[in-house]
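If you're matching them up, the sequences are chains W and G in order. For the first sequence, this note's numbering begins at 1 and goes up steadily by one. For the second sequence, this note's numbering begins at 313 and goes up steadily by one.
Possibly wrong hints are sitting among the right ones.
Unchecked claim - Taking lysine to aspartate or glutamate pairs in the DMTMM-like style, the calculated list, with each CA pair at most 20 Å apart, reads:
#1 G:K533 - W:E8
#2 G:K593 - G:D397
#3 G:K429 - W:E8
#4 G:K593 - G:E390
#5 W:K102 - W:D173
#6 W:K299 - W:D199
#7 G:K625 - W:D141
#8 G:K373 - G:D383
#9 G:K430 - W:D141
#10 W:K14 - G:D338
#11 G:K432 - W:E8
#12 G:K619 - G:E559
#13 W:K52 - W:D199
#14 W:K299 - G:D435
#15 W:K14 - G:D520
#16 W:K102 - W:D275
#17 W:K140 - G:D338
#18 W:K222 - G:D338
#19 G:K619 - W:D141
#20 G:K430 - G:E524
Since the hints were derived computationally from the structure, they do not count as laboratory data. Values in this document were obtained by computation on a predicted structure and should not be read as measured data.
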Amino acid sequence: MSSFSVTEPSNRSKWIAGFLVITYALITMIPLVWILLTGFKSPADAISYPPKVVFDPTLEGYVNLFTTRTRQTQEFLEANPPQNWADEIVRQYDMVIVGPSKFGERFMNSVIIGFGSTFLSIFLGTLAAYAFSRFKVPLKDDLLFFILSTRMMPPVAVAIPIFLMFRNLGLSDTHLGMILLYTGVNISLAVWLLKGFIDEIPREYEEAALIDGYTRFQAFYKVVLPQAATGIASTAIFCLIFAWNEYAFAVLLTSANAQTAPPFIPTIIGIGGLDWPAVAAGATIFLIPVMIFTILMRKHLLRGITFGAVRK
Amino acid sequence: MSDRTIDRVAQATPERVARKIRGLSDRAIAWIFISPTIFLLLAINIFPLIWTIQLSFTNYKANRIGREVKDVGLRNYERILTDSDTWLNMQATAHFLFWTIFFQVLIGFTLAWLINKKFKGNDLWTTIIVLPMMLSPAVVGNFWKFLYQPQIGLFNYIVSWFTGKDPSSFEMLGSVTLAPWAIVIVDTWMWTPFVMLICLAGLRSIPDYIYEAAEIDRASKLRQFFTITIPMVLPFLMLAVLFRGIENFKMFDLVVQLTGGGPGSVTELTSINLKREAFEKWRTGYASAYAIILFVTVFGLASIYVKALNKVKQR
Chain W
1 MSSFSVTEPS NRSKWIAGFL VITYALITMI PLVWILLTGF KSPADAISYP
51 PKVVFDPTLE GYVNLFTTRT RQTQEFLEAN PPQNWADEIV RQYDMVIVGP
101 SKFGERFMNS VIIGFGSTFL SIFLGTLAAY AFSRFKVPLK DDLLFFILST
151 RMMPPVAVAI PIFLMFRNLG LSDTHLGMIL LYTGVNISLA VWLLKGFIDE
201 IPREYEEAAL IDGYTRFQAF YKVVLPQAAT GIASTAIFCL IFAWNEYAFA
251 VLLTSANAQT APPFIPTIIG IGGLDWPAVA AGATIFLIPV MIFTILMRKH
301 LLRGITFGAV RK
Chain G
313 MSDRTIDRVA QATPERVARK IRGLSDRAIA WIFISPTIFL LLAINIFPLI
363 WTIQLSFTNY KANRIGREVK DVGLRNYERI LTDSDTWLNM QATAHFLFWT
413 IFFQVLIGFT LAWLINKKFK GNDLWTTIIV LPMMLSPAVV GNFWKFLYQP
463 QIGLFNYIVS WFTGKDPSSF EMLGSVTLAP WAIVIVDTWM WTPFVMLICL
513 AGLRSIPDYI YEAAEIDRAS KLRQFFTITI PMVLPFLMLA VLFRGIENFK
563 MFDLVVQLTG GGPGSVTELT SINLKREAFE KWRTGYASAY AIILFVTVFG
613 LASIYVKALN KVKQR
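So here's chain W without its partners, still in its complex pose:
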């Protein structure tokens, strides 16, 4: 608190540091802001030169993202007046909405596979982490390292035998297959993070419970689990974000049925190439949940991204 502390930076250096960091932050935000803006542009505005910062916002990108459309003759258009605002938007290109696009389905696949694998990772991970934290397990360090080392394998390398295995088991392009696969990838993160969180809960709580007549199992779920709730929640969010963002396995192993949003969004085609406003709209909807989670998680971020190696 003393104003003469030698370790406290001077006001001037604080001011310079603040200026530089804020400048970097603003530059780093440009691509993200550009995604947001492009989602509200018309295709013509999106590809205009010089790039437009001020433009007439339109929901065209979002309409194109969620619908499939066909071109119609003038007679047809005149005979069928537009029924709602979305219809009116596509009418300017002599088109009518004929149905929903695949985006909703792909997004739901991301949700199902993301939450399914997160639930399974957390369930298995919590049990394993508790055992590693509390019991003498033979070869504990080797097992823990083995669990971690499974993360070093390039996904494309693992994808070859997984592809063959899933084909034989009938798991190709299914939700269940992808949930199991993502759980297999996430479990190392879950075990390492959760072990760190459970290590921090004093053993005395359980010991007291054991002496009070609880069984080990009761002590685990009545004493340890509630104490570990924050840790479990933040681990779950990290698993969810990983599964949400994963691309390599998704693009190689899924297609018509279980494809998630990341391989789908870059393939949204409009007239003459990629429909950038629709791509940007899809990206916006897809990225915003992660941004919100990141902001909520900022206290545990470091721990999550380093497998618990750095705890602050």
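We have chain W already, so just place chain G on it with the hints.
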């Protein structure tokens, strides 16, 4: 230690009561809790790995189911290691690894050092800087392709605004000389915050009294920086480099979206080449051998590095 406390309590009570108190033995619970995880890892990681090793000695093609599979011994390995394209891919990967880590360490450390000056609102700005790192590399990488468009892209526009060059005169993704840098730029944009966060933790772990002591000894600020700050942050920095090194060796999503390995094969990193061999040319046996070579390389390099890291930590 506390296990022994429990044991003593258990020993003092009669056998029948003890069993009731403890239910299943700890050892049994430990195995019940751990085995599902180990089983899953065996099924999803180890079994495939063993299968890959086995396939790597064959000429199997996964798209021709009825075809006879022949044992070819070490021929796949021999062909990969003597193929000059392999070394070009390795070079592309090395270029990508070296420069991404170089820039991320440089910028990441500088940012952490500045944030550690604890100016007002530094928490808020740190959170904003961190955002790109958490986003889907495939989705973001795809959008960067739009920013890199020669005539209409924002990146080219901004560069031309500063340099006066015609924005359609250079193609970041289409030029053989620029494309390797285009992927370095996006990866640096995305992952610098990762290095920054770890460095920040390192800087915050240095206790104030060390600087106070240095100040009493009249060490200059510059000297304090090189004799206190850098050595104390080094283990953290090395950890960050380890993580980025492994991740970027595996790099796939971002670069596939940006360049797909092109133009030609100047940005064809090893993972992308592997994908072509395995899922486009369907040379499953050959690709399996390639996968094993990659895995051994990452594992070997990482082990050597971890040894070095532990030495630095002990100092």
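Numbers of unmet hints, in rising order: 9, 10, 13
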